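Student: Here is what each chain is made of, one letter per residue.
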Amino acid sequence: MMQEPVIEVDNVTVTRNQQVVLESITFQVRKGDFFAIIGPNGAGKSTLVRAVLGLVPCDSGEILLFGSPANPESRARIGYVPQTHVFDFSFPITVHEMVLTGRMGRKKGIFRRYTDEDHIAANNALSRISADLLGTRPVKALSGGERQRVLIARALAGDPDILILDEPTVYVDTPTEEHFYELLSSLSKEITIVMITHDIGVVSRHVNRVACLNRRLYMHDSDQLTSDMITSTYGCPVDIITHGDVPHRVLERHEEGS
Amino acid sequence: MIEAFAFEFFRSAIIAGLLASVICGIIGSYVYVRHMISVAGGISHAAFGGIGLGYLLGADPLAGALWFTLGIAALIWGLVERAKEHIDTLIGAFWAGGMAFGILCLSLTPGYTPDLFSYLFGNILLVAPGHLVMMTLLGAFVLLLFLIFYPVLQALAFDAEYAAISNLPVRGLHLMILALIAVSVVVLIQVVGIILVIALLTLPAAIARPFSKTLRGMMIRATLISMFLTTCGIFLSWIFDIPSGSTIILLGVTVYLLVLGGSNISRSCMKDIQNSDF
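Chains as they are written, first to last, in numbering that gives the first Met the number 0: chain A, 0 to 257; chain B, 0 to 277.
The hints are simulated quantities; they were obtained by calculation from the structure and are not laboratory data.
A few of these clues could be false.
To be verified - Computed footprint of chain B on chain A, listed as stretches where at least three residues anywhere in the stretch have a Cβ under 8 Å from a Cβ of chain B: (1) 34-47; (2) 89-97; (3) 108-122.
Said to hold, decoys possible - Residues of chain B placed beyond 10 Å of chain A at every Cβ, according to the derived structure: (4) Ile1; (5) Ala3; (6) Phe4; (7) Ala62; (8) Ala95; (9) Leu107; (10) Asn166; (11) Phe239.
Note that this is a predicted model, so its numbers are computed, not measured.
We put the beta carbon where it would ideally sit given N, CA and C, even for glycine.
Please construct the entire structure, taking both the sequences and the accompanying hints into account.
Tutor: Put into structure tokens, the structure is as follows:
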């Protein structure tokens, strides 16, 4: 049975500084999806995420969250995991305090304070990423992989229905990355996940739907990743390298404008 | 040394230093972690325009500075939010523009030429009792706002984008922060003068930073450090008959360099320990 759509992007165009960054983007994310959007650097991936979150205005088209235009309530149901490198990790804040900030979106008004319930939610979020012991550490003392995971904990603290991750594995090493995707796979059983990545290798193994973005979006309602798809997205032939025992999928032809 | 307390102006100076320290610790730490030191510098120099205007209109120069810096803070906010102007460019314009306006006002003030030196470099030994009341009120105001809004301001400072997604009124909070910087700067001008304000905002926070795990801890430590620096500075300037503002700042720079050197040494020691086989 087809699940209900939770994010609907309908014919969205975004221009910045007179340049078309996103052109006529249309896709849906349905409840329970583990959805990947792949594309090269400068393809507009982060802009697309920011548009969905309401941080970037659309020139035309419409974005619906849970069936209606974005509002404070629907935005509070999204857990956003930004790229780690945009952060100032030298900021004096403990992991627990940082994860707590993920509860802010569930509150209203200007006089927001944390309650016992918020502290419990923050602790639970750290448990879900198996990082119970990190709570008292200052964020400055975290490794790259730990930083990535606590950012997920912050998003989980808000008890979201959708997790949106922007390039989650850019700055982590391969074993950490593998561990990280296992974590995401287990989370995807409970929660809808949208992941932006330039990392083609991971896509086929963990996700159930793929879209390719390079200003335009090439949508495929399956987990098939074709060489044509990648070639048209990246604008040049790309070798997909797999090693013997790594599970990989047979490639399917991509049709322009589908 | 103790006999100095017999003089009212000396007691006022010590109290003014302690009051200013509360502001230094709180606002200084916040400005430091948000990398807004140049914003504070711009607003403090622009305050000179308000002082000049106060003299020209025959009003209290510090009250003039307070309203003037609040106006500048609102203007910077409006131009950044509405006109999307770069904050660096605005700071440059208001920094020099405010000082130029102040000098112009003073040259137009008939007769009396005020002691510019004490506004530029501060003289805490000349704090008037009326100003002490104003400093107490402003200090209490800053402290109260941070007590009320601490969770919100912490979230905003750590990740402004996430704060926006969390539906926090980010623009309004930015205006509040700029206004608080303006208020603080006027209080600190009393202690160290316009030119040295940035140092007094930055140094206690920078000294506290390596020892602090949380923003709250950093604010408390920076307040205590600032209290130590201003009190010692005032005593030293009394004993050796040297300017109070520069004594406080030079003391702060010395402590800062010692801490910096100390933490570098301890870090390289740690490296040696990790690299050694035994």
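Student: Please verify that the nearest CB of chain A lies beyond 10 Å from Asn166/B's CB.
Tutor: violated (4 Å)
Student: When I compare C-beta atoms, does the segment 34-47 of chain A have three or more residues closer than 8 Å to chain B?
Tutor: Not satisfied, violated; 0 residues make the cut.
Student: Leu107/B clear of chain A by more than 10 Å, beta carbon to beta carbon?
Tutor: Given that every Cβ of chain A is farther than 10 Å from that of Leu107/B, nearest at about 43 Å, it holds.
Student: Quick one: see if chain B covers the segment 89-97 of chain A, three-plus residues with Cβ-Cβ under 8 Å.
Tutor: holds (count 6)
Student: Classify the label on Phe239/B as holds or violated, using whether its beta-carbon is more than 10 Å from each beta-carbon of chain A.
Tutor: Since the minimum Cβ distance to chain A is about 36 Å, Phe239/B lies beyond 10 Å and the statement holds.
Student: Take a quick look at Ala62/B and tell me if its Cβ sits farther than 10 Å from every Cβ on chain A, holds or violated.
Tutor: holds (29 Å)
Student: Checking a non-interface call: every C-beta of chain A should be farther than 10 Å from the C-beta of Ala3/B. Is that right?
Tutor: Label holds. Min Cβ-Cβ 37 Å, cutoff 10 Å.
Student: Just want to verify: Ile1/B was marked as not at the interface with chain A; is every Cβ pair farther apart than 10 Å?
Tutor: holds (38 Å)
Student: Checking a non-interface call: every C-beta of chain A should be farther than 10 Å from the C-beta of Phe4/B. Is that right?
Tutor: Given that every Cβ of chain A is farther than 10 Å from that of Phe4/B, nearest at about 36 Å, it holds.
Student: So is the segment 108-122 of chain A in contact with chain B by the C-beta rule, three or more residues under 8 Å, or is the coverage claim wrong?
Tutor: holds (count 5)
Student: Is the nearest Cβ of chain A still more than 10 Å from the Cβ of Ala95/B?
Tutor: holds (29 Å)
Of the numbered hints given earlier, the model fails hints 1 and 10; all others are met.
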